[in-house]
Amino acid sequence: MTDSNQSNPVQPTSDTAGQYATGERPKSEQAPQKESLLANLALNIVIPTLILTKLSGDDWLGTKWAIVVALAFPLAYGLRDLQRSGKVNFFSALGIISILLTGGMSLLELDAKYIAIKEAAIPGLLGIATIASLYTRWPLVRTLIYNDRILDTGKIARSLNSNGNETAFERTLQHASWMIAGSFFLSSTLNYILAEVLLKSPPGTAAFNEELGKMTALSFPVIALPATIILMLVLVFLFRRIGKLTGLKLEEILVQQ
102 MTDSNQSNPV QPTSDTAGQY ATGERPKSEQ APQKESLLAN LALNIVIPTL ILTKLSGDDW
162 LGTKWAIVVA LAFPLAYGLR DLQRSGKVNF FSALGIISIL LTGGMSLLEL DAKYIAIKEA
222 AIPGLLGIAT IASLYTRWPL VRTLIYNDRI LDTGKIARSL NSNGNETAFE RTLQHASWMI
282 AGSFFLSSTL NYILAEVLLK SPPGTAAFNE ELGKMTALSF PVIALPATII LMLVLVFLFR
342 RIGKLTGLKL EEILVQQ
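In this text, residue positions in the sequence shown follow the numbering used here: the first is 102, and each later residue adds one.
Hint data in this document are derived by calculation from the structure and do not stem from the laboratory. It is possible that some hints are incorrect.
[Said to hold, decoys possible] With a straight-line cut-off of 25 Å between C-alpha atoms, the simulated BS3-like cross-links for lysine-lysine are:
no. : residue 1 : residue 2
1   : 315       : 301
2   : 219       : 315
3   : 350       : 155
[To be verified] Have a look at the derived ranges for each label pair, beta carbon to beta carbon:
no. : residue 1 : residue 2 : range
4   : 236       : 308       : 44 to 50 Å
5   : 352       : 198       : 34 to 40 Å
6   : 264       : 151       : 35 to 41 Å
7   : 351       : 303       : 49 to 55 Å
Bear in mind that the values here come from a model prediction, so they are computed numbers and not experimental data. In this text, a Cβ means the ideal position worked out from N, Cα and C, and glycines have one as well.
Construct the complete structure from the given sequences, taking the supplied hints into account.
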């Protein structure tokens, strides 16, 4: 005789059962969509470059409207990224601010040296912030690399504790932070040099817009690529140190997607 008060296990609905049977996650558990690299490059670099270099003449958009339309694409992409993530990402927000500053300075026809200073200031401030964060409870290296989205930090912490290597690991994070700060300082220097070399024409002219377009196009191979390579080297350094200090293999420390 079955006890009427005994709770029966909740049976999944046919839709949910089908999702689990096929290995598909329910809608509430679906992983967030990954951004498209092609869309990123097209909206942030290719389209703005083409507009600034090809449509700045009086026969097309004109100098001011070309700047507005060109910068609207990366601005819209950044705002959509913020909306899609559901939270304010510091670096996405900083990118939007940078776009607005570039557009504002260009529309106000300020001297090109101010754009060069702005281009250098933002990554430079990030480098300073990375170093300063080492003296707080929230070092930026934990936000950028050592976080739960990339690494199984709980397993790593337990292994470090059992091996007595927690202090050695903190030194590793400090070294990684200095390397990340170095990548920001490199970007700052390259940003300034690129702006100084390319922005020669008076603001408010079609020639200036073309130079701004060239600077946008070259920003990826000249600036983003070296910084990305340095960040990859930081990842390799961090993964190797974690493996040595914990005794875990790479596949054991990475979050399983």
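Results of checking the hints against the structure:
Of the pairs offered as hints, the one joining residue 315 and residue 301 holds, with about 12 Å between alpha carbons and a cut-off of 25 Å not exceeded. Proximity of residue 219 to residue 315 is assessed by CA-CA distance (about 17 Å); at most 25 Å being required, the pair is judged to hold. The suggested pairing of residue 350 with residue 155 is violated, with an alpha-carbon distance near 52 Å, which exceeds 25 Å. As the Cβ distance of residue 236 to residue 308 is approximately 46 Å, the hint placing it in 44 to 50 Å holds.
One distance hint, 34 to 40 Å for the beta-carbon pair residue 352 and residue 198, holds here, with the actual separation near 39 Å. Take residue 264 and residue 151: their Cβ atoms lie about 54 Å apart, and the range 35 to 41 Å is violated. In this structure, residue 351 and residue 303 meet the distance hint of 49 to 55 Å, their C-beta atoms being roughly 54 Å apart.
Hint check: violations occur at hints 3 and 6; the rest are consistent with the structure.
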